[in-house]
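Enquirer: Quick note, the sequences are listed as chains A, B and C, same order.
Numbering-wise (the numbering used here), the first sequence opens with residue 11 and increments by one.
Numbering-wise (the numbering used here), the second sequence opens with residue 4 and increments by one.
Numbering-wise (the numbering used here), the third sequence opens with residue 30 and increments by one.
Accuracy of the hints is not assured; some may be wrong.
[As the list claims (entries may be wrong)] Here are the computed lysine to any residue pairs in the SDA-like style, where the Cα-Cα straight-line distance is at most 25 angstroms: (1) A:329 to C:71; (2) A:596 to A:286; (3) C:109 to A:240; (4) A:329 to C:75; (5) C:269 to B:69; (6) C:269 to B:29; (7) C:126 to B:35; (8) C:145 to C:230; (9) C:73 to A:70; (10) A:469 to A:516; (11) B:190 to C:248; (12) B:87 to C:248; (13) C:126 to C:36; (14) C:262 to B:106; (15) A:70 to C:166; (16) B:190 to B:83; (17) A:469 to A:390; (18) C:154 to A:345; (19) A:476 to C:71; (20) A:461 to C:43; (21) A:516 to C:230; (22) A:345 to A:390.
[Said to hold, decoys possible] Stretches of chain C that chain A covers, calculated by requiring three or more beta carbons in the stretch to come under 8 angstroms of a beta carbon on chain A: (23) 33-47; (24) 99-113; (25) 132-143; (26) 175-186; (27) 218-226; (28) 236-248; (29) 260-271.
Quick caveat, the hints were computed from the structure, so don't treat them as lab data.
All figures in this text were calculated on a predicted structure; none of them were measured in a lab.
The beta-carbon is built from N, C-alpha and C at its ideal position, and this holds for glycine as well.
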Amino acid sequence: MEIIYSDLLCIGAGLAGERVAIEVAQNGFKVVCLSLVPARRSHSSAAQGGMQAALGNCIKGEGDNPDIHFEDTVKGSDWGCDQEVAKLFAHTAPIAIRQLAYWGVPWNRVVSGRSFYYKGGKRFEKIERIEKHGLITARDFGGTAKWRACYCSDGTGHSLLYTIDSVAISKGVLVHDRSEAISLIQDGENCLGAVVRCLRTGKLRVYLAKATLIATGGFGRIYRASTNAIINEGGGLIIALETGLVPLGNMEAVQFHPTGIVPGDILVTEGCRGDGGVLLDINKYRFMPDYEPEKAELASRDVVARRMVEHMRKGFGVKSPYGEHLWLDIRHLGKEHITTKLREVYDICLNFLGINPVEELIPVRPTQHYSMGGIKTNVYGEAYGLKGLFAAGEAACWDMHGFNRLGGNSLAETIVAGMIVGKRIVEFLQEREVNFSLKLVELELKKQQEKINKLIFGKGRENVYKVRNAMQDILMDYVGIFRNEKDLQLAVDNLQELLERSKQIKLRSNGLGANSELSLALKIEGMVKLALCVAYGALQRKESRGAHTREDYPYRNDRDWWVRTLAYFKEKDSLPTLEYEPATKKIFLPPGKRGYGGTKIVPYDYPKDAPLPEL
Amino acid sequence: MRATNVRKINFSNTVAYLDLSQAITGIFLCLFMLTHTLLVFSIIFGEKCFNKVALFFESTGLAWSSGIFLTIIFLFHFLLTARKIPFSFTEQAKFWSQAKMINHQDTWLWLVQVLTGIVILLFGSIHIWVILNDLPITALKSKHLMQKGGWVYFYVLFLFSVAFHLGLGLYRIGVKWGFITSQNRLKSKKYLFILVGTLIMIDSISLLFFYF
Amino acid sequence: MSRILEINIFRYNPEDPASVPRMQTYYLEETPNLNLFIALNRLKEEQDPSLMFDFCCRAAICGACAMVINGKPQLACKTKTKDFPNQINLMPLPGFKLIGDLCVDTGSWFRIMNEKLEAWVHTNKEFDPEAEEERMENSLAEQIYELDRCIECGCCIAACATAQMRSGFLGAVALNRIARFILDPRDKRSEQQYFEIIGTDQGIFGCMGLLACEDICPKNIPLQDQLGYLRKKMGVLAVKNYLFWKKRS
Ligand SMILES: Cc1cc2nc3c(=O)[nH]c(=O)nc-3n(C[C@H](O)[C@H](O)[C@H](O)COP(=O)(O)OP(=O)(O)OC[C@H]3O[C@@H](n4cnc5c(N)ncnc54)[C@H](O)[C@@H]3O)c2cc1C
Ligand code: HEM
Ligand code: HEM
Ligand code: SF4
Ligand code: F3S
Ligand code: FES
């Protein structure tokens, strides 16, 4: 039995994991990070757009401050967030950005003088101030009052991750890449570490630590079409959920982005539509104005995505071997604009579709993009249910995003949470004394080894890929953008059935070495459980809030549903157990209108027993 | 993290000097070759002219002194480049399989440079030996030599090797030291190949004059 | 009629005593827009689940999927089958430790590289959370970003015959990384300190100007120009050291 001891075991080496690791390592503790892939390949590197922080340097961001950022975040969340967290977040973000600059991130800077920008396809002029020349600049993002998204050209996440990883190396943070945590070691009260499968050799190792952090990113891959990396399968959430003690928060809050390309599901930026691109159906007909006469393609993300699905359901989708899609048309923007301002889109189309967007239509469809839900933690990142277990980043439900996260807020979350959670872990470690019971360790290791043996030698007959594909299809078809009782019930029933099948997997390969069929087989049951948390949570939440849209409950119901779902999964159960807690303990900004999206609201002080207002 | 924490500076410049010397000896040899080509080219203006030129170098002692000096540079250049030449079989095999795998022009051209270099080492030594052992140089002697046995094949192979090695060598220096940038790479390559072609042409003409 | 592709894949699983290195042929019907990410996953799911290969972002930004495709190191996820003849040969990247089939251990290689280079900003300044950020010209930020774009895919190492012949050679990716820090005014290391790292036969003076790195880099990092710049800079420095030393003695 190979045992590796550390003070902090960081499961995940993306931005969140490594930022926590840095904080803890520079206080003299031993930190080991695990990652499925080399740290720098973590999906944080895929973020292009930017990172929000209220610096107010550029002219279109003038007068910005953390309080406005806080308000934007709360409105964006459709009042689903924890306001204390959002406040702390908004006030720490500027420091985080500046520290990143200090560490070497090549943020784009203010260039004083006259320049131009486009909005809705039109050209406007702006003049940057000379006093701000050379300070960090920002760009425009959806749902914000000011230009606030700091960026490095079109590779913000990449530059951040490379910089953070370099600092982690300088602080002696160890990264064990190609290592997958497959279960937590815990005694019912304390988290003690994890059992880990080496993705080089296939061997199991044990990591014991005084504190364990889960920062494994999103779980978009439970959906068939996702902009997430293929490693975003929710491994960290699964091992937490499977303890039966740790709840996942707001799992039904899943964000879809209107324009993922088909095939490939790679994101093409909102800028396409921002600059005047339009959506067409199978008849090359522009349908959005019919649904949204006012804003058409420029309605908010969730609205556009919703309308696209609606239109495809009516039979106006374009059939392809990779599923149905619609067209994005940016041809009229002209070659010059496309090859300069939308260069990334141009490259993606050329590389992945083999089409030239200057002359051809881009096949797109709404695509799963971000997981607001995750391991529920308090404001310091301490997971509910187990002492010594922490979570940060997209894997956590720290809960500043509520039911809809704003673009650029997620990179900011990883770093800011990293700082705050890291500090808390340092305090925790200074007092923490644990006795590692080897008995417990052996038990857990044996359990996992038996699971593997069963998959290789057992009597099951299910094909893991078929089970996964079935799960992805169920979520795609019934737990997508539009939700209703009938579909959700169907999804939950089907997923329950699938959960049984997922326990009957048998490998078709020999499972030796870095076998990826085994990797998937080990977590497929957990993935179906996550899917159940999403579907069942959505079924139970009888309102529409942010990205969670119920056709049968179109109101944002603050009276009954201003709460956060907590999903537990007890061993042997076939459904999660749901509990609810208030969405926020502290209220700085009482619920109100978002100012976009046009949601109908049942106010929180609406009489208790009164029937809901007529539609 | 701190700049001052970095170990006491304790490095050696040797490798840099070696690399610089490699380029400088290379350039020197190139310049020599160009001059040499022009000098030998005087044969087309008749034996008298050639002899006069030869006599000038002879009488001033330039022929043998520069000959010795050159030989030293020549060997020095070889010793320097030998650091780069794969002598061990594993290295050769690796390079060969790599070149075959990616089938990339500049990688192949490096191989050409090494092979021509080795040809030059052998043939050049013989050539210098023969010439310097039989001073003074006269057109007649050269003609006799050229018309005797297989010497003409020797020279043809030799001149092709030298021309290519020279062209590729200049290209390499340009690339390695940043004179040739990604902007002007294709153009530079074209010009250098024109230079190689011109050299081959001039030298062939001289050879023809000796041969007939 | 769509083509039937013949895909020849290098197979070897070091953890399986029964496995020997070999090429194995698979057949797959080509669909429109097919790329190697989709193709390989279809092979794995439909024909042979023991196949090992790496993908992550599948959008040409993470560098995980580099492999040798018909002789050229490339990112498989952005390689379209329609640009190739019926026959496609896939080999693991040379120059890295083999994990199995098409998987190689780039993670360890790059970690060691970054440790050797001390590829982080070195400074004596403390971070002051209260202070405004230090100013920088936008053009300089963009220049740094241009070099920062490298995704550590390893293609330049796999393409470089020098790196293949001499395992200690740092390669274009490392040299480009150093050029990035030289550009960055926040890194307070002196030229001598950089020289110490790369002024060797493993560093810039080991490069023989083969330029396969430049021609193959999937991110079009300006490697050639960085290599030229570094050699000039380090060469000049060595000469300065020589003169300086003369004066002193
Ligand atoms: C295409 C795209 C574009 C985006 N653009 C933006 C943007 O412009 N602005 C913005 O703010 N946000 C953006 N986001 C969101 C943002 O990038 C992510 O939410 C954020 O980077 C997540 O960081 P993380 O550290 O939590 O997780 P990740 O970076 O995903 O890291 C997860 C880590 O966990 C490891 N891991 C996972 N499972 C296991 C396991 N079982 N065992 C061990 N290790 C494991 C992984 O290997 C990895 O190292 C974008 C997201 C996508 C998909
Ligand atoms: C002894 C015979 C010779 C041998 C074995 C030889 C070999 C080589 C080799 C292997 C290189 C490549 C070095 C590298 O890529 O780093 C080289 C470079 C070079 N050679 Fe030669 N060479 C010889 C003679 C000559 C002659 C006669 C000339 C002039 C015509 C010449 C000019 C050059 C030049 C200009 C370079 C480039 C230098 C550099 O890259 O720094 N060489 N030589
Ligand atoms: C100082 C020394 C040298 C002298 C005096 C010398 C002189 C000559 C002479 C007289 C010829 C005419 C043919 C003959 O008589 O053989 C000749 C030809 C030639 N020499 Fe040299 N040479 C010298 C060194 C070199 C070196 C170092 C090289 C290259 C490495 C070289 C390359 C050639 C070639 C390629 C030819 C044949 C092509 C031609 O006609 O120009 N020589 N040399
Ligand atoms: S320099 Fe280019 S080829 Fe080399 S690792 Fe970076 S991106 Fe890949
Ligand atoms: S291929 Fe290799 S030899 Fe130099 S120019 Fe590139 S690193
Ligand atoms: S999978 Fe990330 S670059 Fe190909």
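Enquirer: For every hint, state whether the structure bears it out.
Expert: Do the hints match the structure? See the list:
| no. | hint | in the structure |
| --- | --- | --- |
| 1 | A:329 to C:71 | 20 angstroms, holds |
| 2 | A:596 to A:286 | 41 angstroms, violated |
| 3 | C:109 to A:240 | 19 angstroms, holds |
| 4 | A:329 to C:75 | 23 angstroms, holds |
| 5 | C:269 to B:69 | 30 angstroms, violated |
| 6 | C:269 to B:29 | 22 angstroms, holds |
| 7 | C:126 to B:35 | 47 angstroms, violated |
| 8 | C:145 to C:230 | 15 angstroms, holds |
| 9 | C:73 to A:70 | 50 angstroms, violated |
| 10 | A:469 to A:516 | 7 angstroms, holds |
| 11 | B:190 to C:248 | 23 angstroms, holds |
| 12 | B:87 to C:248 | 29 angstroms, violated |
| 13 | C:126 to C:36 | 23 angstroms, holds |
| 14 | C:262 to B:106 | 31 angstroms, violated |
| 15 | A:70 to C:166 | 19 angstroms, holds |
| 16 | B:190 to B:83 | 29 angstroms, violated |
| 17 | A:469 to A:390 | 45 angstroms, violated |
| 18 | C:154 to A:345 | 46 angstroms, violated |
| 19 | A:476 to C:71 | 12 angstroms, holds |
| 20 | A:461 to C:43 | 23 angstroms, holds |
| 21 | A:516 to C:230 | 53 angstroms, violated |
| 22 | A:345 to A:390 | 49 angstroms, violated |
| 23 | 33-47 | holds (count 4) |
| 24 | 99-113 | holds (count 3) |
| 25 | 132-143 | holds (count 8) |
| 26 | 175-186 | holds (count 4) |
| 27 | 218-226 | violated (count 0) |
| 28 | 236-248 | violated (count 0) |
| 29 | 260-271 | violated (count 0) |
Checked against the numbered hints above, the structure violates hints 2, 5, 7, 9, 12, 14, 16, 17, 18, 21, 22, 27, 28 and 29; every other hint is satisfied.
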